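Engineer: Starting from the known structure of chain A, arrange chain B on it as the hints suggest.
Residue numbers (our numbering), protein chains in the order written: chain A, 21 to 249; chain B, 92 to 701.
Derived by calculation from the structure, the hints in this document are not laboratory data.
Here are the simulated DSBU-like cross-link-like pairs (lysine-lysine), alpha carbons at most 35 Å apart as the crow flies: (1) K379/B / K78/A; (2) K401/B / K116/A; (3) K78/A / K332/B; (4) K401/B / K78/A; (5) K77/A / K375/B; (6) K699/B / K77/A.
Cβ-to-Cβ under 8 Å is the rule here; a few derived chain A residues that face chain B: (7) F138; (8) R141; (9) I211.
Just so you know, these numbers come straight off a predicted model, no measurement behind them.
Even for Gly, the Cβ is constructed at its ideal location relative to N, Cα and C.
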Amino acid sequence: MKRYGLRALAMVFSAVALFSMLGFGLSVSELQGIVANELIPEISKAAGIALVDEYAKKPVAELEELAASGLTPGIRLAASLALKQVNGVVMALSSKTAAELKDLALEGDADAADLYYFYQRRTFTEATLRTEVLSAANETLQIAAGKLLAGYWVPGSFNPKTEAELIDLAKNGEGIGLRIAAATTLTTLWISTQPLTIDQTMVEITKITLVYPELAAAYQNYLAFLFAR
Amino acid sequence: MKKLALLLAGLLVIAVPALVSAQGYDVMPEDARILPIGVAGTPYADLELGKQGGTIYISQISNPKSWNANTAHETSTTWYTSRMNLGLVNLDHITGAIVPDLAKSWEVSEDSLTLTFHLRRGIKWSDGTPLTADDVLFSYNDVVLNTDVDCNSYDGQRLPDGTFPVMTKVDDYTVEVKLSVIYRPILNSIGVPIQPKHKLADKVHKLNPDVPAGTFNETWTLDTPVSELVGNGPWVVTDYKPDISVTMKRNPYYFAYDPAGTQLPYYDEIVCLVVASMDVSLLKFRNKELDVLGIRAEDLPVLMPEAGAKGYTVFVSDLPNYGTTWFMPNQDIGLEDGTQNEKREVYRNVKYREALAHLIDKDTMIQNLLNGLGAPQWSPLSMGSPFYAGRDYYGGPVTENNAIIFEYDQAKAAALLDEIGVVDADGDGWRDLPSGAPLAIEINTNSGNTIREGACLILQDDFRSVGLNATFVGVDFNTLVDRLFASTGDIIYLGLTGGDEPNSGKNVYWSCGTLHAWRYSACDDPDEIDRRIDELLDLGVGTFDLDEAFEYYVEYQQLLAKQLGYIYTVNQTFLYAYYDYVGNADAASPTSTPSGNNGLLTELCFDKRI
Chain A
21 MKRYGLRALA MVFSAVALFS MLGFGLSVSE LQGIVANELI PEISKAAGIA LVDEYAKKPV
81 AELEELAASG LTPGIRLAAS LALKQVNGVV MALSSKTAAE LKDLALEGDA DAADLYYFYQ
141 RRTFTEATLR TEVLSAANET LQIAAGKLLA GYWVPGSFNP KTEAELIDLA KNGEGIGLRI
201 AAATTLTTLW ISTQPLTIDQ TMVEITKITL VYPELAAAYQ NYLAFLFAR
Chain B
92 MKKLALLLAG LLVIAVPALV SAQGYDVMPE DARILPIGVA GTPYADLELG KQGGTIYISQ
152 ISNPKSWNAN TAHETSTTWY TSRMNLGLVN LDHITGAIVP DLAKSWEVSE DSLTLTFHLR
212 RGIKWSDGTP LTADDVLFSY NDVVLNTDVD CNSYDGQRLP DGTFPVMTKV DDYTVEVKLS
272 VIYRPILNSI GVPIQPKHKL ADKVHKLNPD VPAGTFNETW TLDTPVSELV GNGPWVVTDY
332 KPDISVTMKR NPYYFAYDPA GTQLPYYDEI VCLVVASMDV SLLKFRNKEL DVLGIRAEDL
392 PVLMPEAGAK GYTVFVSDLP NYGTTWFMPN QDIGLEDGTQ NEKREVYRNV KYREALAHLI
452 DKDTMIQNLL NGLGAPQWSP LSMGSPFYAG RDYYGGPVTE NNAIIFEYDQ AKAAALLDEI
512 GVVDADGDGW RDLPSGAPLA IEINTNSGNT IREGACLILQ DDFRSVGLNA TFVGVDFNTL
572 VDRLFASTGD IIYLGLTGGD EPNSGKNVYW SCGTLHAWRY SACDDPDEID RRIDELLDLG
632 VGTFDLDEAF EYYVEYQQLL AKQLGYIYTV NQTFLYAYYD YVGNADAASP TSTPSGNNGL
692 LTELCFDKRI
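Just chain A, with the same shape it has in the complex:
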């Protein structure tokens, strides 16, 4: 634990030292620098998300190569998201039946799982989704159900939750689906209120990166928004 704490502390200092000069929104070259060099996975991925449109300009073969063996998590994520965009993966799946989508989701296809719940959305209420996120057949489906549940909790929606409730659920919620629901909602909440700067967000990530992965992902996606502004 002590060694873990020192390593985390070192990461905090390095992150702050590298990026304390940065304000709102980063240039492509700045983001390229982060995605290539950043050690903390969530910060690397945040930069990757902010670079998707830039990566979408690369040839498909290069994207495939980067998605498979890019040097950092951010590069691999940027490339895979860009590939999805370029290949129209979601629209290609949209003609499949619910049963086909569910079968794909059971094999781990996250896009199919998202689309499955998209088409099923009118059959759910918040209450039945709460059950679904815990009982769906695999984690891929539970995560997708969680993302839909987030739609009931975000500000302005049917049953908005407080930041404190959401942070607790993102850390301690029973089942990955519930934690993802909370994390997705948190990102939306933060985007609408923008309570933290880039630097502050990176500090929060470094505190929890290896401890609360879903909450870290919430900060990651918020950071991606700040990077891209």
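Structural biologist: Only chain B this time, still in chain A's reference frame:
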């Protein structure tokens, strides 16, 4: 098979880019229409001035059926034709009030029997041909009122005495319309699309005997090269790919401008993607292939989490959509074949219908079926109408001071049923007819409409809670409509479209109306309330004094609410999503929805990125 047929038909269409004249006006026409965008003190005060440029992407789930504005019968066609062919008057984008369009002004004579319309001088068709009174007379007399033409607007021109307005030319920029009786809604009905005489007169048998009667009905079909299309509105169709897209470009001779002198519309182009379903539209919107989208309550959980990150806004208003949703106990049940006499008597007893009205749990319907995004209804008129009786005066704010409300109250419902003798005579737990014969109720709606099915289940439960033996049975839409028109249904749950003009509902609420479905027999046997409603319909159209008309329509709406022919339930509120780079999209409302014929997109939206 239908898709294949459409695709094959599409392959026959020659996709020639429209020869829309690129020139436009050298200077703003003297009678240009200036929309007060951004002008303080006007309803347009909150809108922003924009710049010309860009393309906006929207979607439709059907192909158009033609490009002919006056023979179109469906919104999949009129969405485009209403943007190509305007009329003398139109509905304001923001307020919904009737405003001058091709006419710059009009006067009504003292006896209210003559209307004189003054056209805008100097305006042209999209091919550069001047637009004059000859085009107006051609469109009204030779197309709309021509019984050879299958014109959707024809019936709407008929005056209460069965005659039609007479339009004559005064000069090249003035037309006169004479009425045999005072008819206030003439200002709505006279706004028919004006079509170019120089392009279409030879297709009308009356003007060109060389062509067979009915030729006009086959004019400007989807087989017509789009280069042939000429319009006077903000847009002209320039490309059509069946099942894929329709493209419209700015009409260089459109006559509307903003206060800064920029010609409208702001966008250079609209591309309308033809998609298979609302779900596909939603996926495309999330994928940034569409810029704006009308949405449903069920779409909110999907859209709201992504809104900030993707840069769009989900707009949730408190204004309900236009239209009504209701259920209808069939007061003519068994009349045709002489059966169910006692049940018919009970259904015709207003206290029975009052009991049913007290059993509508509107709050639960709104929460469970519309995710809380709905409004209760009590009136036949849409809340958006300036004549809506929930206002205290014409066009005033909604206060509901005049509303007739039957609150959800099971005890009250039970008491009313007891009072009229609908009690459980045999102790089986179900109420019976006053004679003791069983009373079984079947509630129908169209299966597949999940919101209506849900509402019927809620009604079923509430009816049963007071001992009414009710069962919901979903049926296909055609069967439902058959039961409605043939008076063979029991209780039917359905809805109707709506607008601002009360008289547009005459076919429903007039005792001889074709949709007076709760009691068609009222045509031959009207009761006192039927007669007064008929009277009020005539009184309401018989004055141009809007305040006076408003008073008539308040009484009209209150009587219908008490009569409980159609018993109103709930309506979804207006929901909309748009990317934040679409300027003025935030001014959308049920009055000016992006997909409506009076859509905001027609002129006022712009690309903020330019």
